[in-house]
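Novice: With the sequences and hints as input, model every part of the structure.
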Amino acid sequence: MFKPLKRVVVTGDTHGNEMSGVYLAKHWLKNPSELQRETFSATPFLGNPRATEKIVRYVDQDLNRSFKTEILTSSSEGDELYEIKRAKEINQLYGPKGSTQTYDFMIDMHNTTSNMGACLIVDSTENHLIMHMANYVQKNYTLAKTPIYLYKLGDEESYAIDSICKYGLALEVGPQPQGVVRADALKHMRGLVNSVLDFIDLFNKGTAFPAFEIEAYKLLAREDYPRSSDGEIMAIIHPHLQDKDFDPLNPGDPMFQTLDGKDIIYEGDTPVYPTFINEGAYYEKKIAFAKMEKLTFSIPAIQAQTE
Numbered sequence: 021m022f023k024p025l026k027r028v029v030v031t032g033d034t035h036g037n038e039m040s041g042v043y044l045a046k047h048w049l050k051n052p053s054e055l056q057r058e059t060f061s062a063t064p065f066l067g068n069p070r071a072t073e074k075i076v077r078y079v080d081q082d083l084n085r086s087f088k089t090e091i092l093t094s095s096s097e098g099d100e101l102y103e104i105k106r107a108k109e110i111n112q113l114y115g116p117k118g119s120t121q122t123y124d125f126m127i128d129m130h131n132t133t134s135n136m137g138a139c140l141i142v143d144s145t146e147n148h149l150i151m152h153m154a155n156y157v158q159k160n161y162t163l164a165k166t167p168i169y170l171y172k173l174g175d176e177e178s179y180a181i182d183s184i185c186k187y188g189l190a191l192e193v194g195p196q197p198q199g200v201v202r203a204d205a206l207k208h209m210r211g212l213v214n215s216v217l218d219f220i221d222l223f224n225k226g227t228a229f230p231a232f233e234i235e236a237y238k239l240l241a242r243e244d245y246p247r248s249s250d251g252e253i254m255a256i257i258h259p260h261l262q263d264k265d266f267d268p269l270n271p272g273d274p275m276f277q278t279l280d281g282k283d284i285i286y287e288g289d290t291p292v293y294p295t296f297i298n299e300g301a302y303y304e305k306k307i308a309f310a311k312m313e314k315l316t317f318s319i320p321a322i323q324a325q326t327e
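Going by the working numbering, the first residue of the sequence shown is number 21, and it counts up by one from there.
If you are wondering where the hints come from, they were derived from the structure by calculation, not from laboratory data. There could be a bad hint or two in this list.
[What the hints assert, rightly or not] Now the in silico label distances, taken between C-beta atoms and shown as ranges:
(1) Val76 - Lys306: 14 to 22 Å
(2) Gly118 - Gln325: 33 to 41 Å
(3) Gly272 - Glu304: 41 to 49 Å
(4) Glu287 - Leu49: 27 to 35 Å
(5) Arg57 - Thr93: 30 to 38 Å
Keep in mind it's a predicted model, so treat the numbers as computed, not measured. Ideal Cβ positions, reconstructed from N, Cα and C, are used throughout, including at glycine.
Specialist: Given below as structure tokens:
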């Protein structure tokens, strides 16, 4: 049995140039009624206000890679990078990570330049509550594709901001350019958040959610661009791959195209499903796209333990 989710937070600017969440979080700070349900009220907050002021992804380092335990518990002071300081502050407000005092649930709003639709980012299918939440969103928010992206590689620790709470879900809406707010993307983000809150309200009331099977995409590896010996990109995303996030890339399909027009094909043995294709923020991370496998998972029934 699961306990009801009473302490819920929503953050919109983990990356300061992903504007759907920025605008919604600022709006909800002034007008929080949309985040209220019968059994709880979600609290909005701004995760990275300095980056938001500058309309940049981050000031010193990626905030959403700053929530590993070794970072949160490091003793450096004074000369710390801004996002490390901010991660520790957020951890104290809504964590501490791994403790019994941590908040119950966090929604983390993101945009991508890739054609990801209204993607639901989860650490693992072992989190049955969040998988039920994702299943509910898929069935009830039908204005965009809502694929499930499983981001953890092996046994690595979750590094994202929502990992400080007992449960977390990241919402990744795209395509939207960095530093730009599009009405369609904002509408999808708003709809996703409301659908998640509706699920939590039903869950808190003791609704029984039956077992089900669901498809999800699990991260296999991250593919870099072809590079020269001095590290320069030698080929770009192939036109046939561009905007085909979550579509199969089959052996022999073109992946990249050199600047003199030659195709570089995928030479794997089995199909993969590229995501975050040509994501603008990932050039510095040397990621052209993420390679996923599509799997089907069986999720058991759940129900909240109500008084």
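Novice: Hint by hint, say whether it matches the structure.
Specialist: Structure-based check of each hint:
no.	hint	verdict
1	Val76 - Lys306: 14 to 22 Å	19 Å, holds
2	Gly118 - Gln325: 33 to 41 Å	22 Å, violated
3	Gly272 - Glu304: 41 to 49 Å	30 Å, violated
4	Glu287 - Leu49: 27 to 35 Å	50 Å, violated
5	Arg57 - Thr93: 30 to 38 Å	34 Å, holds
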